[in-house]
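K.L.:
Protein sequence lines, in the order shown, are assigned to chains C and X.
First residue of the first sequence? That's 454 in the working numbering, and the numbers climb one at a time after it.
First residue of the second sequence? That's 1237 in the working numbering, and the numbers climb one at a time after it.
What the hints contain is simulated information worked out from the structure, not anything from laboratory work.
Incorrect hints may have been included.
Stated by the list, open to error - List of simulated lysine to aspartate or glutamate pairs, EDC-like, C-alpha gap at most 20 Å:
| id | chain 1 | residue 1 | chain 2 | residue 2 |
| --- | --- | --- | --- | --- |
| 1 | C | 564 | C | 539 |
| 2 | X | 1291 | X | 1258 |
| 3 | X | 1277 | C | 555 |
| 4 | C | 508 | X | 1340 |
| 5 | X | 1278 | C | 463 |
| 6 | X | 1277 | C | 463 |
| 7 | C | 564 | C | 463 |
| 8 | X | 1278 | C | 539 |
| 9 | C | 561 | X | 1258 |
| 10 | X | 1291 | C | 505 |
Claimed, not checked - Calculated Cβ distances over 10 Å to all of chain X for the following chain C residues:
| id | residue |
| --- | --- |
| 11 | 455 |
| 12 | 467 |
| 13 | 468 |
| 14 | 495 |
| 15 | 499 |
| 16 | 523 |
| 17 | 559 |
| 18 | 562 |
Predicted, not measured: the structure shown is a model, and the values here were computed from it.
The beta-carbon is built from N, C-alpha and C at its ideal position, and this holds for glycine as well.
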Amino acid sequence: AQTVTQSQPEMSVQEAETVTLSCTYDTSESDYYLFWYKQPPSRQMILVIRQEAYKQQNATENRFSVNFQKAAKSFSLKISDSQLGDAAMYFCAYRSAQGGSEKLVFGKGTKLTVNP
Amino acid sequence: GAVVSQHPSRVICKSGTSVKIECRSLDFQATTMFWYRQFPKKSLMLMATSNEGSKATYEQGVEKDKFLINHASLTLSTLTVTSAHPEDSSFYICSARVLTARAEQYFGPGTRLTVT
Chain C
454 AQTVTQSQPE
464 MSVQEAETVT
474 LSCTYDTSES
484 DYYLFWYKQP
494 PSRQMILVIR
504 QEAYKQQNAT
514 ENRFSVNFQK
524 AAKSFSLKIS
534 DSQLGDAAMY
544 FCAYRSAQGG
554 SEKLVFGKGT
564 KLTVNP
Chain X
1237 GAVVSQHPSR
1247 VICKSGTSVK
1257 IECRSLDFQA
1267 TTMFWYRQFP
1277 KKSLMLMATS
1287 NEGSKATYEQ
1297 GVEKDKFLIN
1307 HASLTLSTLT
1317 VTSAHPEDSS
1327 FYICSARVLT
1337 ARAEQYFGPG
1347 TRLTVT
């Protein structure tokens, strides 16, 4: 079974600075998807960024980018120019690309605090 | 686009009663919806996968007679917590799978269930 590990229960960053959240995963599959989700205090889960395993290029979405290291099974999230609104729980998630295996496997999450 | 709603957002019920939670995809059709449970300061735990027109697939350890799932249409799935007990108190979140090649999952805002 696949597992996702987020080793940082909590992180903090100064406003306008950069922070990196770590995520590692374990799988025997070669094709899969990786995601970062944000859960603010409202509890609404929001998709931040997505990476297909077959793509070597790291995904980017505005201030959010990932460092995807397939061999190392590492998928870190970098948030640049941090804003107060970035404060939230961040969950790393894995999904198999095999047909019929659509469920997401989540890490335990990292609570990000942004200090003004 | 890709908005998922849940109703109610909060519910308080007495022990022994049943509670129904609705999950709707507002602007897209979803053949597959997922139900998660989230304990305070914890990650999301998948309870079951709901497929339109067929029986739900429950994760190991989730009582199917306790948590009844019905996916009667392409835009609606319901979770009924039967004979609720205080230990069923939790935050319940649904997600819906978009019918595209990317097969994204979009999450509802969640339902806070409190059983007294």
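K.L.:
Residue 1291 of chain X and residue 505 of chain C were given as a pair; does the straight-line alpha-carbon distance stay at or below 20 Å?
P.N.:
violated (30 Å)
K.L.:
Report holds if the minimum CB distance from residue 562 of chain C to chain X is greater than 10 Å, and violated otherwise.
P.N.:
violated (5 Å)
K.L.:
According to the definition I'm using, a residue is off the interface if its beta carbon is farther than 10 Å from all beta carbons of the partner; does residue 455 of chain C meet that for chain X?
P.N.:
holds (12 Å)
K.L.:
Take a quick look at whether residue 1278 of chain X and residue 539 of chain C sit within 20 Å of each other, Cα to Cα.
P.N.:
With Cα atoms ~19 Å apart, residue 1278 of chain X and residue 539 of chain C stay inside 20 Å; holds.
K.L.:
Hey, does residue 468 of chain C actually stay past 10 Å from chain X on C-beta?
P.N.:
holds (24 Å)
K.L.:
Decide if the proposed pair is consistent with the structure: residue 1278 of chain X and residue 463 of chain C, CA atoms, cutoff 20 Å inclusive.
P.N.:
Since the Cα atoms of residue 1278 of chain X and residue 463 of chain C sit roughly 13 Å apart, the hinted pair holds (cutoff 20 Å).
K.L.:
Has the given pair, residue 564 of chain C with residue 539 of chain C, been kept, meaning a C-alpha gap of at most 20 Å?
P.N.:
Since the Cα atoms of residue 564 of chain C and residue 539 of chain C sit roughly 10 Å apart, the hinted pair holds (cutoff 20 Å).
K.L.:
Compute the least Cβ-Cβ separation between residue 559 of chain C and chain X, then decide whether it is above 10 Å.
P.N.:
violated (5 Å)
K.L.:
With 10 Å as the threshold, tell me whether residue 523 of chain C passes as away from chain X on beta-carbon distances.
P.N.:
Consistent with the label, residue 523 of chain C stays out of reach of chain X, its closest Cβ about 19 Å off (over 10 Å).
K.L.:
Measure nothing beyond the straight line between the CA atoms of residue 564 of chain C and residue 463 of chain C; if it is 20 Å or shorter, mark the hint as holding.
P.N.:
OK: residue 564 of chain C and residue 463 of chain C at ~5 Å, within 20 Å.
K.L.:
Beyond 10 Å on every Cβ pair: is that true for residue 495 of chain C relative to chain X?
P.N.:
violated (7 Å)
K.L.:
Check the hint pairing residue 1277 of chain X with residue 463 of chain C against an upper bound of 20 Å on the C-alpha distance.
P.N.:
Measuring from Cα to Cα gives roughly 11 Å; hence the hint holds.
Taken one by one, the earlier hints fail for this structure at numbers 3, 9, 10, 14, 15, 17, 18, listed in ascending order.
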